[in-house]
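Protein chains in written order, with our numbering: chain C, 1 to 601; chain Z, 1001 to 1560.
Hints are computed from structural coordinates only; laboratory data are not their basis.
Heads up, a few of these hints could be off.
Here are the computed lysine-lysine pairs in the DSS-like style, where the Cα-Cα straight-line distance is at most 27 Å [stated by the list, open to error]: (1) Lys207/C <-> Lys1409/Z; (2) Lys13/C <-> Lys1514/Z; (3) Lys400/C <-> Lys239/C; (4) Lys77/C <-> Lys1006/Z; (5) Lys29/C <-> Lys112/C; (6) Lys1409/Z <-> Lys1481/Z; (7) Lys234/C <-> Lys195/C; (8) Lys55/C <-> Lys89/C; (9) Lys232/C <-> Lys400/C; (10) Lys1349/Z <-> Lys207/C; (11) Lys1006/Z <-> Lys1499/Z; (12) Lys13/C <-> Lys112/C; (13) Lys1503/Z <-> Lys1474/Z; (14) Lys319/C <-> Lys347/C; (15) Lys1259/Z <-> Lys1349/Z; (16) Lys1083/Z <-> Lys47/C; (17) Lys1083/Z <-> Lys10/C; (18) Lys1083/Z <-> Lys1259/Z.
If you anchor each label on the Cβ, the simulated ranges turn out as follows [to be verified]: (19) Ser1422/Z <-> Ser45/C: 51 to 57 Å; (20) Glu219/C <-> Pro1073/Z: 49 to 55 Å; (21) Ser45/C <-> Asn1015/Z: 44 to 50 Å; (22) Ala1256/Z <-> Gly254/C: 50 to 56 Å; (23) Asp1549/Z <-> Glu36/C: 50 to 56 Å; (24) Asp1276/Z <-> Glu219/C: 38 to 44 Å; (25) Ile155/C <-> Lys1503/Z: 34 to 40 Å.
Predicted model only: the values in this text are computed from it and were never measured.
C-beta atoms are modelled at their ideal positions from N, C-alpha and C, and glycine is treated no differently.
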Amino acid sequence: MVEIKLQLKKAPKVPVFAEALSPKAFAGKSSGEIEELPLLEGGRSAKLGEFFDVKVQGEPAADSSQCDVTLKGDLSKFRYVGKGMDGGKLVVEGNVGFYLGEEMAGGSITVKGNAASWTGSMMAGGQIEVFGNTGDYLAAPYRGVQEGMLNGSIIVHGNTGTHAGLWMRGGVISVDGNAGQFLGHRMQDGVILVKGNCGPRVGAAMKGGRIIVQGEVAEILPSFTYTEIKDKAKVGAEKIPASFYVYTGDSLEGGSGKLFVSRCRNRRLNPEGEVFPEGVSVNQLTVPLVEKLINEAERLGVQVTKHSSGAVVVDVGLKAKGSEEAGKIVTLICLGNLAEISIGREKYGEDLELPTLYETTTGHPAVATLGAQFAGWAIKTEDYFAMGSGPARALSLQPKKLYQKLCYKDEAKVAVILLEADSLPTESALKLMAETCNVPLEGLYVLIASTSSLVGSVQIAGRVVETGIHKLTELGFNPNKILKGKGSAPIAPVHPKSEVAMGITNDMILYGGDVYYEVACKTDDEIINIIDEAPSIASRDYGKPFYETFKEAGGDFYKIDPGLFAPAKITLHNVKTGNTFTAGKISAPILKRSLALLKTP
Amino acid sequence: MELLIKNGIVFDPLNGIDGQKMDIAIRDGKVVESVSSGARVIDASNLMVMPGGVDLHSHIAGSKVNAGRLMRPEDHFRDPEAKTPTTRSGVGSTVPSVFTTGYRYAKMGYTTVFEPATPMLKARHTHDELDDIPILDKACFPLFGNDVILLEYLKAGRIEEAAGYVAWMLEAVKGYAIKIVNPGGLEAWNWGGNVLGLDEEVPNFGITPREIVRSLCKISKMLNLPHPIHLHPNNLGRPGNYETTIETMDCVRDLAGEKPVIHLTHVQFEGYGGRDWLSMSSEGVEIANYVNRHGHVSIDLGQLVFGNATTMTADGPFQFQLYQLTGNKWTNSDVEVETSAGVVPYFYKRSNYVNAIQWTVGLELALAVRDPWRVFLTTDHPNAGPFTAYPKVIAWLMSRKARERVLSKIPRMARKRSNLSSLDREYSFSEIAVVTRAGTARSLGLKNKGHLGVGADADVAVYPLNPREVDPSKDYKKVRKAFGNAVWVVKEGQVVVEKGEIKTAPRGKTFWVKPDIEEDVLRLAAANLKAKFREYYTVEFDNFIIPEDALARPQVLKAG
Ligand SMILES: [Zn+2]
Chain C
1 MVEIKLQLKK APKVPVFAEA LSPKAFAGKS SGEIEELPLL EGGRSAKLGE
51 FFDVKVQGEP AADSSQCDVT LKGDLSKFRY VGKGMDGGKL VVEGNVGFYL
101 GEEMAGGSIT VKGNAASWTG SMMAGGQIEV FGNTGDYLAA PYRGVQEGML
151 NGSIIVHGNT GTHAGLWMRG GVISVDGNAG QFLGHRMQDG VILVKGNCGP
201 RVGAAMKGGR IIVQGEVAEI LPSFTYTEIK DKAKVGAEKI PASFYVYTGD
251 SLEGGSGKLF VSRCRNRRLN PEGEVFPEGV SVNQLTVPLV EKLINEAERL
301 GVQVTKHSSG AVVVDVGLKA KGSEEAGKIV TLICLGNLAE ISIGREKYGE
351 DLELPTLYET TTGHPAVATL GAQFAGWAIK TEDYFAMGSG PARALSLQPK
401 KLYQKLCYKD EAKVAVILLE ADSLPTESAL KLMAETCNVP LEGLYVLIAS
451 TSSLVGSVQI AGRVVETGIH KLTELGFNPN KILKGKGSAP IAPVHPKSEV
501 AMGITNDMIL YGGDVYYEVA CKTDDEIINI IDEAPSIASR DYGKPFYETF
551 KEAGGDFYKI DPGLFAPAKI TLHNVKTGNT FTAGKISAPI LKRSLALLKT
601 P
Chain Z
1001 MELLIKNGIV FDPLNGIDGQ KMDIAIRDGK VVESVSSGAR VIDASNLMVM
1051 PGGVDLHSHI AGSKVNAGRL MRPEDHFRDP EAKTPTTRSG VGSTVPSVFT
1101 TGYRYAKMGY TTVFEPATPM LKARHTHDEL DDIPILDKAC FPLFGNDVIL
1151 LEYLKAGRIE EAAGYVAWML EAVKGYAIKI VNPGGLEAWN WGGNVLGLDE
1201 EVPNFGITPR EIVRSLCKIS KMLNLPHPIH LHPNNLGRPG NYETTIETMD
1251 CVRDLAGEKP VIHLTHVQFE GYGGRDWLSM SSEGVEIANY VNRHGHVSID
1301 LGQLVFGNAT TMTADGPFQF QLYQLTGNKW TNSDVEVETS AGVVPYFYKR
1351 SNYVNAIQWT VGLELALAVR DPWRVFLTTD HPNAGPFTAY PKVIAWLMSR
1401 KARERVLSKI PRMARKRSNL SSLDREYSFS EIAVVTRAGT ARSLGLKNKG
1451 HLGVGADADV AVYPLNPREV DPSKDYKKVR KAFGNAVWVV KEGQVVVEKG
1501 EIKTAPRGKT FWVKPDIEED VLRLAAANLK AKFREYYTVE FDNFIIPEDA
1551 LARPQVLKAG
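Chain Z with its partners taken away, still in its complex shape (with noise of 0.2 Å):
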């Protein structure tokens, strides 16, 4: 089958792409150089085209994100979606269903997202689920920060036997990459407690987050995985965590590579200043400084949005915290030996001094971090909005106009205790496009995902918006309109949207990743869990793994 999008105003940055007008040609899902005359043509002309977005950080799939689902019925109700003869019905707002998320990431053209915080024990469930999102290609990171066996590890120093766990571990929930959130926090949690600074000691266990995020991010480096570890650090949401967070950057700087070793996500609710909620003041620009300065780290924002949010991580600790802060409703879970998680529903007020605070936290950091490669989009969906605002985030990186609207609406003492009123910057096509698929495709190692060079994957969308007379700083409401609906939408080769609506739902890919590590090390490793999971773990050891079959199109990536 081939296709040919003609005429259509190119962003590609990986290739250098820069809004030129230029033919997308493809064959058998792959860009390829040109097309046989019999091609489909989709006539672009004056509209833009971008590869396929790519979001690295987006709750879509898991336990998690199902009790959410089902503990708010007041989530969905006035947003149906009824069944179509190409989509199956659901239900919208910040947990859409299952298939409903597929259908509302593929209109605002994004081809991949990945579900970034999954217990092992919960894989099969999160596979599962990631099956029966259509169209999207997705994988999951497992969460190892506060893993019992691990810690083990740690505590006794074997830090090989510990890569071998890892890998042994990813390869049998058919992982993507290490995720931590509140290293060694939810271990704490577990008696009720938390840890609240890098080298605080885990209780029974007697080492620090600091020893876990480093150990980890070697281990990461140790078996080539395509992503560094992806890091929920310790005191997220709590005023005055920015030196945590930074501190927390900080202490793998030695290990520093070609690439960024540490990925910190949702630095939104990590980059807050002051001492109580009173005090509370943004530090984006702080840590915005130290990211420019240090080469070793990226981070995506979790940019807020003001309205409904159902905040859901596996920061237990944390979600305690926002249920007794709030009184609503709150869901909480002990995954057996391996982390926590929790489920509180919220309301982002613009009236509420600490809620505009955080809106501008996020916005400080991807207008101050000069490198778009290393900052990139998310909204951490759906804790600080549904990833459906993306087109509102979009506008407000593109024109500060949009940004001034909203500024001037918001409380007082919140504009003071922020620096975004002096940030000039706006963004250009070429740095949405980075930011929200180039750059995040580069970070995750998909080396066929966020550009459209001979050989990539035909994922492309096609945006109803003339770039070269579209003044983004002016018409902002426009770029939000054309992000939030794109024409056409490429997956594989196939036209699933096409004026604007689903016209098919095919099934995605599920991208797992094979870690770079030796045979025998793997069967070490396999060996010794064996014989600890009877005590360890309610479910039998042959139960826990899940064999590749049990994906519907499970894509190996070999590390290395």
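So here's chain C without its partners, still in its complex pose (with noise of 0.2 Å):
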């Protein structure tokens, strides 16, 4: 290797064509020769000595990819720096003008300042970083030229201008800012990855190849057609995790380019009609709930302690006895407060009459049940186990890819949890909590019940809603499409031992739960195909209470088909139909044989 160091000494006046600022003029040279090299000030011939101060360390080697270059300086009027590069290393320390890496094949250009328009332009292999922006036509071929960047890749970590990618054929262009319009335009293939947003005219007149964008986006061209949603997009060999709306085009030129813009950050695109959550702080609208535990809580049976780290933890079943009032209000707060809760009784066939919760959302019930209620958080510390559910999920994001369905996240400074668990949270559990929620310790409310509570009992036939939502999801439903969810399950009575406790009020939704989901959906497919799918009757473990079937699984949930998980009895309306759908039934044989586990010592 060879380092050859060049710092400029003089501004040039006007552009220069300075290609012979690359490697490829470099190999094989000494400091003297690179300074005779011909550079071109405008129509004035010069030499390279005049602009720069060059050091060469080491042997001159004759193989350019044995070269190692630094351009120190001001470089913004030097133009075809490292055109038609086949190897080595050039970094510019500093800014760069048009052209840079122009028809480069191989080999790779680093700027740590800005690089003017058309760079990368027809690059056929090698890369290009560049840590500041980029100008306009980022690897565009030459005006009128037809043919654009063939291979390698080209990172902006800045912004990059209008028509970046401008009939590309191939390789990768991975922009961290923003890009303007006409990103990838008449691209034929390749891909463009623009992390920010983009201007208009995304992808116009393009034929082939991929445009993604995890920024908002403009406008989409009325010559693109939307295809589908996708939870992810592939870069090479990587893969980004994000919601994206797919779009094909540009029909006007027969195309079948492809379009993924991110769907949360596109919301108004919206060619699903989905139902977006906007505005809601679920974590925020609890506060109200959760102060009247604090200020009731001996009426309400519950024990409030405020932690040593700031943290405040309310027992509400564990060794507090609760209450059926507290375990609404507990309901509730998991929901985010988006439903309205009652308690009464119901008959569940001929002689079986059991206490009952009722439950309607009062808006966006994806959020309130998977966004929040939704059992989707394991809290794990080197001391401390439990499953996490309630509105502070909304803050943590677990699991991530479930928000990204939903195109929701909170904001709050407050956190409210509830953990299902036999212990109080340690100081590590509170404070990985309080972390990843990224509130302070004093902004985070933990409430914490037993399955074997009364609290426990309550909360959980209040997940009937849930777990429908849930496991229309699973089926492939848009949960965003779900207009109004309402819903029943008994309410179990409660037995001391946790693991008889979990298969009674499991066996409450399963077998004597019943939804109900008014839908929004274009066509009645979207339901017809999953409908007889959704209740727990279709699933193969069905049929037992689920204490026996988790006997048999030797205690291991991996082992139970998580398509049983499910209320007994789905409805869906389609609202844009009108057309009612229903599958599973309720049933009171199996309900009885699972209340007669109560017996159980």
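Bring the two chains, given one by one in their own frames, into a single complex with the hints.
Below you can see the structure in the form of structure tokens.
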């Protein structure tokens, strides 16, 4: 490796044609010979040595791939730097002018500053990395030429201008910032990834290739056709896990290019007719409920402790006795206060009557259930484990994929969580939760209940609407198309052993849960395709109390069909067509068999 | 100033000199009998000497050339010419910049080049551009075949007045010959249509292309113009068009005289058989057979060369068709009253059987027309290829082997649909001199061009090739190289190319023709036109006329 260092000593007055600034031209040359290389300053022939001090360290190497070139200074007026480069390294510590790396085929160029327009023009291989911004026409061919970038990669950490990837035929362009208009104009193949936003006319006249925009797009041209939602996009070997609307076009050119645009950042496009949660903070909404629990602790049978770290822990069913009202409040908290709940009695079959919880969502059913209530956060430290549910998950985004699906996240400075556990959270667990939710410990409210508690029984019955939405989502239904959720499930009597209690409380939903959803689907097919699979009866593990199934699986949850976790009966009403579809049924006999377990010692 | 080109091996077919070793003496821009001992001597021993090349059809100046130049930056950027102490900077490729055009023609030993399609309204621009093309002598052909005022005369059957109008126009715009492009078709194109045959009526005029061609042929004869009507016929670029081409040549058979009365240009584009692109074939030999039997016709090839080209013609509907076929960029232009025009870039692919058939058509014509004095080498620059490809075409004409090399690489279907592989003829150096200078000069009526007899313009090319040693049939690569870069080129007695480089770049002349016509007929034509002008044109009558002193070096040629 020979190190060649050039320091700009005189700034040119007018643009300089500087094809000589390249490992290709430097290979095998001494510093004296490099200084003699020709440059063209405007129309004047000049020598490289007029503008640069040249230092060569090491034996001159005839092979350009052995050349490690550093150019220092503001090279904004130097054009065609690294033109036709086929190997070696070129680092520009400063800005650089037009046509950087034009037609380069190999090697790497790094620019610490900004690069002007036509960076990587018509490149066929190698890599260009720009830490600043680039001008317009990134990788685009010379004016009028219809063969653009063929291969290689360009990484821009800043923004890029208009017409990036014009006539591109292959390779990868990745832009961390924003891109201007006409991104991927007349693109034929290859991949462009823009992590920021992009201007109008993205993909205009494209015939092939892929453009991925993770930020906002100014518009989708009418000559593009929406195809589907995808939950990832591929860039080379890398997969970008995010929810995308996929469009294909440009139909004016008979093109089959693909446009992936972030679904959550471009909700206004809404080709699926989804209902997006806007302006809702599930944590903030529950603050009055949490205050009620604290202020009326004694009446509600709960115990409040202010932990030394500042976090507030409310025992609603561990050592505390709890109450039916506390159960309702906890259930509402879990739902982000986006529901109404009542408790009554219901007949199941001829001779079984059980206390029953009724719930109706009051808005954003997907966010209330999947976005808050779903027990989807495994809180795990070296001295503590619990499953967490409730609004705090919308801060910690656990699990992330689900929130991509919902296009939802909360940004509140308070976090409210319910732990289903048999011991109080340790300090490490509290810290982990606060940190993951990005709230101060003083803003963390932890409710805790064991399954074998009054509150436990109530709040589990209160998951019937969520269980149904979760199952539908697993089957591929878009939860953002659910406008309203209603449901009921029996409240299980408390059993002191948590395993048994877990079995019985589950059975109340699996065999006694009844849900009804209003959905907005363009066609009934979206419902017909999945409705029969939706209720618990569709599962191979259906038919006996859950405790038995659990025992047969050797206590291993993962051996149980996840499809079992669904309400007994599911009804979907499509408001767009007026049609209603029902599947599954309540099973009083199995409910009875489950309740018989209460006698288990 | 005196110059002696010594001991060259000279090809001067107009003077019956076929490879004799001789000296060419030059004084004051003319070839003379002898020069004094003080003359500068150019040692041309063992080198081939020919008169300067004369090209009668090459689009080098005017508004559509400039449109082609402007719309194709990609055509230029890989072919830059840096300035030197003697030349200006520029760019080359299919539509070179003005100066580069002159330099590159001169380096090939060409000294006279005619621009063949000039709308009268754009003549002022054309002359400005011609003035800026260094070294070469030039001229331009105004477009008459769709001129509304002319068509009105013809519709009214007033051919004498039409002749007066043409004469007035030629003089007013400093033109050289009558150019006709797709007669009647361009007027139809103004309404979005075309005419597809010699006897199809032109919309709103009730006359046919046949009447237009015949009338202009008669007018050309009446005015005693030095060059016959120069015709781009109907149906250019369409499969099956060879029949129209032959009909067009035949429609003026009865007007035959001593010299050809009709010149069909870039006939390659007009020699296709078949009903559509799928069944297309080459009918070059059919056309050649007609030419061989009829002395009233001359043609030039419009030879296709594989690679980049920029198609540009006044044939608006053809250019539109090509645009639809290729989806490439397209310029369309309507020149009020007079004509249309279009420009579409094109890439001729050897692997494309249509392009390959097109390639064979031109060569079939060149090889099957027996009289080299009536078939000329052109590529219809830059339509079927740039003029810089002439040396390649010369090599194909002189060497069957050179042709075989290409034939073996084109699609089988193209070989089968052409007679080229059965044509054994190989041009001699003398025949090359005819089709590139002597014949063209004679066709243009340039008495002092295309030969090296005493009194001729001292335009001479010396090529780095010994024709007594090189067998062009085998060593076609040497031939190609030699014709691509002359060692010495003399223009009007001045050495403009020396050792293959431009030595000096003097300004050439622009020829124009003063038709042979009574002054009062001309005055009447002017009066008639002036009366209509306001109604028909967007410019003032007085501004339309180009005075002779608007040209940098005008050279009038009196017809008759
Ligand atoms: Zn032409």
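Consistency of the hints with the structure:
1. Lys207/C <-> Lys1409/Z: Violated - the C-alpha atoms of Lys1409/Z and Lys207/C are around 31 Å apart, more than 27 Å.
2. Lys13/C <-> Lys1514/Z: 54 Å, violated
3. Lys400/C <-> Lys239/C: 15 Å, holds
4. Lys77/C <-> Lys1006/Z: 53 Å, violated
5. Lys29/C <-> Lys112/C: 26 Å, holds
6. Lys1409/Z <-> Lys1481/Z: 22 Å, holds
7. Lys234/C <-> Lys195/C: 13 Å, holds
8. Lys55/C <-> Lys89/C: Distance ~16 Å between Lys55/C and Lys89/C Cα, so the pair holds.
9. Lys232/C <-> Lys400/C: Between Lys232/C and Lys400/C the Cα gap is close to 13 Å, so the pair holds against 27 Å.
10. Lys1349/Z <-> Lys207/C: Given that 27 Å is the threshold and the Cα spacing comes to 22 Å, the pair holds.
11. Lys1006/Z <-> Lys1499/Z: 16 Å, holds
12. Lys13/C <-> Lys112/C: 23 Å, holds
13. Lys1503/Z <-> Lys1474/Z: Not satisfied, since the Cα-Cα distance of roughly 33 Å exceeds 27 Å.
14. Lys319/C <-> Lys347/C: 32 Å, violated
15. Lys1259/Z <-> Lys1349/Z: Violated, at about 38 Å.
16. Lys1083/Z <-> Lys47/C: 18 Å, holds
17. Lys1083/Z <-> Lys10/C: It holds: about 26 Å lies between the C-alpha atoms, which stays within 27 Å.
18. Lys1083/Z <-> Lys1259/Z: 44 Å, violated
19. Ser1422/Z <-> Ser45/C: 51 to 57 Å: 55 Å, holds
20. Glu219/C <-> Pro1073/Z: 49 to 55 Å: 29 Å, violated
21. Ser45/C <-> Asn1015/Z: 44 to 50 Å: Hint holds: Cβ distance 47 Å, inside 44 to 50 Å.
22. Ala1256/Z <-> Gly254/C: 50 to 56 Å: Because 53 Å falls inside the window, the suggested range holds.
23. Asp1549/Z <-> Glu36/C: 50 to 56 Å: At 51 Å between Cβs, range holds.
24. Asp1276/Z <-> Glu219/C: 38 to 44 Å: 42 Å, holds
25. Ile155/C <-> Lys1503/Z: 34 to 40 Å: Since the Cβ atoms of Ile155/C and Lys1503/Z sit about 52 Å apart, the hinted range of 34 to 40 Å is violated.
Comparing the model with each earlier hint shows violations of hints 1, 2, 4, 13, 14, 15, 18, 20 and 25; every other hint is respected.
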